Amino acid sequence: MSNAELEIDVDDPTAPEEDSPAVTNSRTVDVAVSLLLLALAAVLAWDNWRTGASWDSTGPEPGYFPFYLSVILGGASLYGIGAAFLSNKEAVETFVTRAQLRRVMAVFLPTLLFCVAMQVLGIYVASFLLIVGFMRIVGKIALWKSLLTAFLFSAVMFVTFDLVFDVIMPKGPLEAAFGY
Amino acid sequence: MEALGLLLHGFAVLLTWKTLALMMVGLVLGVFVGVLPGLGGPNGVAILLPLTFSMDPTSAIVMLSCIYWGALFGGAITSILFNIPGEAWSVATTFDGYPMAQQGKAAEALTAAFTSSFIGSLVAVLLITFLAPWISSFALKFGPPEFFAVYLLTFCSFVGLGREDKHKTVVAMSLGLLLAGVGMDTVSGQLRMTFGSTDLLRGINFLVAVIGLFGISEILLTMEERLALRGHAASISLRTVLAVWKDLPKYWMTLLRSSVIGCWLGITPGGAIAASFMGYNLAKRFSKDPDSFGKGRIEGVFAPETAAHASGTAALLPMLALGIPGSGTAAILLGGLMVWGLNPGPLLFVEHKDFVWGLIASMYLGNVVGLVLVLSTVPIFASILRVPFAAVAPMIVVSCAIGAYAIQNAMFDVWLMLGFGVVGYVFKKIKIPLAPFTLALVLGSRAEDAFRQSMIISGGNMKVFWANGLVGTITTLAILLLFWPLIDRLVASFGKSVPPAAKAEA
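As you go down the protein sequences, you meet chains A and B in turn.
Each step along the first sequence adds one to the number in full-length UniProt numbering, with nothing skipped, and position 123 is 123.
Each step along the second sequence adds one to the number in full-length UniProt numbering, with nothing skipped, and position 211 is 211.
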């Protein structure tokens, strides 16, 4: 195979290290999720029982169908806890390494902040900040490229949704200053 | 013949400049999301759905279905050039597609993939054209017990035939059904599972859940991995295309077999993943030289691609005719129909002929246009991979947020989307399947309504689900499918326990 054939070669400078230690294994997460689902099933079963999970003169009460679903969810979650404890494969399987978790958080936390900013600054300004910040900090991309991409993307979104399709999006002080 | 007349009417509805432009936009966006690592059909449709909210239903569904066709075509590009299957159903394509690229036959492999995608889809669209009106007219005779039995059959087949751990499918499905019930009870008007929250009064919109489950979680998962790519560049010449097409008749049996498998697994909820592997395995089994598979054989590209695309397209048949989606993407499209005030199911063919036949016509046209588009623009789309993911990821996050907000103009939905994103990430990592979760979210309230109406009709007697031959057969089949793994094991152990002499006598 000649090198000329390999025309597309993209490297990832912030790739997670291969030898990063595991934060937790799949079994622990599986058990934790099953416990959470079991708790959710119990709460929902209680709420549906309270709403009415039997029959009246008009047929099944509002909580009837969801009550039995909660019972099924609870049963399957209980089974899941048992199965996870017995699974040797899950015990040795890494759920996430430290380096991977860092990368996941590098997306999740900015997304969380973006949602907060969306309420205060409106969606377009928040989008601009998210894209610039993400490209610059996570992707280590040149500032001018990040600013230009963020501006163009936010502008296209504004024109598409607010002007062309009349979809009302959350706005902030900047849009208000321009009369939107 | 009536179907042909209606189809021509569909083409008349479709052939406007505006719709054709939307079709092109949809295809380009679709190939784009298909090529981007981590994204794909259902994610692309979910993320781009908001673009269609203010369109008329026909334009919207044409654009969405073209995004879907485009994503199906795009997945093959990364599978063959980079050995990266964009979707699970593209895994089998890499077995022979990537070796072909390594041998300098990337253009042949891509032409084979696109052509077989087209053939698979075409066979499925023909099936939809001729079967959908018949099924929907048959389904008009259905009452609530029959509909509930069909829903039950769908749920049970996911549990019985799915590859995942059974309890995990049950968890996904019951959770989806429960979340679909949050909010106001449609029969009594009473509030359920809202816990005093005014935001939950509206219920959990399934599109919000889908955008989080597929869009946000996919970004989290993709960022987690190393995004380094190293692959082959390819451009397709007309000569290569004609050479591959000239050889097509040699593989007619493989193409036919894979199309049949794909259509069957698309209509039943077997799905495109099972179809592509089954298509590949059967092509290998019936081949005169099975050992050559996996080493760059063109048949190994034809078989899985035909089956996967026949399956992906055929999954729209039960969605249109019965209101029951056969795949995750079909479920998202079904949600889209509901947003535009259309009620998928038998009545759709009576009440919204223009829409249904416009959609079916768009399947034909979208596939032809898609084939020409991808064959002529492979190098451009392959170079999309050069765009750093750190630039693409925040744009997808913003698109998801716009989508989630636009559905009900509620900030709460954006938070809900984020929550579902985390749920999707964790579920995918511990292998709780998302397709039955989505399906249950979409069908939940319909299934409950059908169940309650059946119970009211029968005065609470479960015998209503065996009241006549039709409903009885469907319900019994559902139960058989639910316990299929057990039945299968029993049959296998019975076969083993019978002495060879007895077998010979039999």
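What the hints contain is simulated information worked out from the structure, not anything from laboratory work.
Fair warning: this is a prediction, and the values are worked out from it, not measured in the lab.
One or more hints might be untrue.
[Stated by the list, open to error] Taking lysine-lysine pairs in the DSSO-like style, the calculated list, with each CA pair at most 30 Å apart, reads:
1) A:K89 - B:K353
2) B:K141 - A:K89
3) B:K166 - B:K353
4) B:K284 - B:K246
5) A:K140 - B:K18
6) B:K463 - B:K429
7) B:K284 - B:K141
8) B:K428 - A:K140
9) B:K166 - B:K246
10) B:K250 - B:K284
11) B:K141 - B:K431
12) B:K431 - B:K166
13) B:K288 - A:K89
14) B:K284 - B:K295
15) A:K171 - A:K145
16) B:K284 - B:K18
17) B:K246 - B:K288
18) A:K89 - B:K18
Hints and how they fare:
1. For the hint pairing K89 (chain A) with K353 (chain B), the CA-to-CA distance comes to about 53 Å; that exceeds 30 Å, so the pair is violated.
2. Among the hinted pairs, K141 (chain B) with K89 (chain A) is inconsistent with the structure: their alpha-carbon atoms are about 49 Å apart, more than 30 Å.
3. Pair hint K166 (chain B) plus K353 (chain B) does not hold up; C-alpha atoms about 40 Å apart against a cutoff of 30 Å.
4. This hinted pair checks out: K284 (chain B) and K246 (chain B) have alpha carbons roughly 22 Å apart, not beyond 30 Å.
5. Between K140 (chain A) and K18 (chain B) the CA atoms are separated by roughly 40 Å; this puts the pair beyond 30 Å, and the hint is violated.
6. Distance restraint check for K463 (chain B) and K429 (chain B): the Cα-Cα separation of roughly 41 Å exceeds the 30 Å cut-off, and the hinted pair is therefore not satisfied.
7. Taking the CA atoms of K284 (chain B) and K141 (chain B), the gap is near 43 Å; set against the 30 Å cutoff, the hint is violated.
8. Under the criterion of a C-alpha separation no larger than 30 Å, the hint pairing K428 (chain B) with K140 (chain A) is consistent with the structure, at around 29 Å.
9. Taking the CA atoms of K166 (chain B) and K246 (chain B), the gap is about 46 Å. The hint is violated against a cut of 30 Å.
10. Distance hint between K250 (chain B) and K284 (chain B) is fulfilled; the C-alpha atoms sit about 15 Å from each other, no more than 30 Å.
11. Of the pairs offered as hints, the one joining K141 (chain B) and K431 (chain B) is violated, with about 39 Å between alpha carbons and a cut-off of 30 Å exceeded.
12. Distance check on the hinted pair: K431 (chain B) and K166 (chain B) sit about 11 Å apart at the alpha-carbon level, within 30 Å; holds.
13. For the proposed pair K288 (chain B) and K89 (chain A), the alpha carbon gap of about 38 Å is over 30 Å, so the pair is violated.
14. As the CA atoms of K284 (chain B) and K295 (chain B) are separated by approximately 12 Å, the hinted pair is consistent with the 30 Å bound.
15. In summary, the hint linking K171 (chain A) to K145 (chain A) is supported, as the alpha carbons are separated by about 25 Å, within the 30 Å threshold.
16. Using a Cα cut-off of 30 Å, the hinted pair K284 (chain B) and K18 (chain B) is violated, with the two alpha carbons roughly 45 Å apart.
17. Distance check on the hinted pair: K246 (chain B) and K288 (chain B) sit about 21 Å apart at the alpha-carbon level, within 30 Å; holds.
18. Simply put, K89 (chain A) and K18 (chain B) have alpha-carbon atoms about 54 Å apart, too far for the 30 Å limit, and the pair is violated.
Hint compliance for this structure: hints 1, 2, 3, 5, 6, 7, 9, 11, 13, 16, 18 are not met, and every other hint is.
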